[in-house]
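Protein sequences, first through last, are from chains A and V. Take the first sequence: its letters are residues 185 to 304, numbered as in our numbering. Take the second sequence: its letters are residues 1009 to 1208, numbered as in our numbering.
Rather than coming from a laboratory, the hints here were simulated on the basis of the structure. All of these numbers come straight from a predicted model, not from anything done at the bench. Beta carbons: idealized from backbone N, C-alpha and C, even for Gly. Please note: incorrect hints may appear among the correct ones.
To be verified - Distance ranges between label pairs, derived from CB positions:
| # | chain 1 | residue 1 | chain 2 | residue 2 | range |
| --- | --- | --- | --- | --- | --- |
| 1 | V | 1170 | A | 211 | 38 to 44 Å |
| 2 | A | 211 | V | 1163 | 42 to 48 Å |
| 3 | A | 222 | V | 1163 | 55 to 61 Å |
| 4 | V | 1174 | A | 261 | 24 to 30 Å |
| 5 | A | 243 | V | 1125 | 41 to 47 Å |
| 6 | V | 1032 | A | 291 | 18 to 24 Å |
To be verified - In silico DSS-like links for lysine-lysine, alpha-carbon gap of 27 Å or less:
| # | chain 1 | residue 1 | chain 2 | residue 2 |
| --- | --- | --- | --- | --- |
| 7 | V | 1070 | V | 1195 |
| 8 | A | 236 | V | 1195 |
| 9 | V | 1070 | A | 236 |
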Amino acid sequence: MSGTLPIAYTEDFKNNFKIYVKKNKRKNVIYELNHITLIDVKRITNLKGPLKFFKRITYGSSRILFLYCRQCFEEFAKYFNCEQCDTNSLDQLIILDIHPRGTAYRKTIKPGFKFSTNWR
Amino acid sequence: MNRVNYEDLILDLYLLNKLEKGGGRKRVAKFIFLLEEDMLLKKSIGPHYNMIKCQMGPYNQKFQRNLDNLAENTYIKYSNRYYKNETTGVFLKQIDDLIQENSNLFNIFDNIIDEFQGFNGDDLAKYIYDLPHIGIKRQSFYEYEEFESIIDPRNISNPKYKFELDEDWYDTVEILLNPKILQNIQKGIKDCITANFVQL
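With the sequences and hints as input, model every part of the structure.
What follows is the structure, given as structure tokens:
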């Protein structure tokens, strides 16, 4: 029961993974993901509201979103109705997306204001 | 990593969603001040803005940053003042469970918004200036020094209630308030449904 879980990576994750994770850190992230156990998954709480289907782990300043197939099937009545959904292999994770944390609301900007490049 | 006060952004959006004619940052600040004042009397914390005595009334620079960022991310509209748009209502509906969990705070805010809906920024300022006792020192606005803090919710010790997102809501709100991330998640879901998986 405490073994690692099979993982499927979406293409979207792969694309963003290259954007947000530095080359020298990528192996570490993949290692971490490949060593997530069922106990870990059960310990990680779900997001809320419309994102209640997803669990997440953070790695540095990035957040990785994933689905636990058994939970989707049993608790959320197969909500996403995925093509490959297989009741014989529900103990797997689907890594959906990776994105940077907390970047959108830290900057000071003025809507419509454009910085001039003509300094003279 | 420093925490972003998404609680304040939620309250800003909630207010603008209810203000038919929208509001500038000073009008928004005064509504939020009245909420903070009410919460202070209840020894509770709603918004987290440190309200400072400025020329135009209680204010904090973070209002401009927060409202501009919300407009930049298209959760409100900006045209001389800030207005709700379709996304404002959609977002608030998405976090309805959170609003219900904190219904005491939002009910108080509803009452304040209803009472002062017809007031413009100047009317609200006059109302606040005329109050004999405001803020932490319970004195009139004029008795505070220029740029002195009138209410700093961080200094309310052992509050009876505090509007603070738990870790799950914090991450949820952070994602819901970022259209770029939402778009990526949509792509991820599409990949998942169509079994568009890759090797890493």
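Against the structure, the hints:
Roughly 42 Å separates the CB atoms of residue 1170 (chain V) and residue 211 (chain A), a value that falls within the hinted 38 to 44 Å. Between residue 211 (chain A) and residue 1163 (chain V), the C-beta spacing of about 47 Å keeps the proposed range 42 to 48 Å intact. Distance hint check for residue 222 (chain A) and residue 1163 (chain V): the Cβ-Cβ separation is about 45 Å, which falls outside the suggested range of 55 to 61 Å. A hinted range of 24 to 30 Å holds for the C-beta pair residue 1174 (chain V) and residue 261 (chain A), which are about 26 Å apart.
In this structure, residue 243 (chain A) and residue 1125 (chain V) meet the distance hint of 41 to 47 Å, their C-beta atoms being roughly 46 Å apart. Between residue 1032 (chain V) and residue 291 (chain A) the Cβ separation comes to about 21 Å, which falls inside the hinted range of 18 to 24 Å. In summary, the hint linking residue 1070 (chain V) to residue 1195 (chain V) is not supported, as the alpha carbons are separated by about 33 Å, beyond the 27 Å threshold. Of the supplied pair hints, the one linking residue 236 (chain A) and residue 1195 (chain V) holds, its CA atoms being roughly 17 Å apart against a limit of 27 Å.
For the given pair, residue 1070 (chain V) sits about 30 Å from residue 236 (chain A) by alpha-carbon distance, which is inconsistent with the 27 Å threshold.
Of the numbered hints stated above, those contradicted by the structure are hints 3, 7, 9, listed in ascending order.
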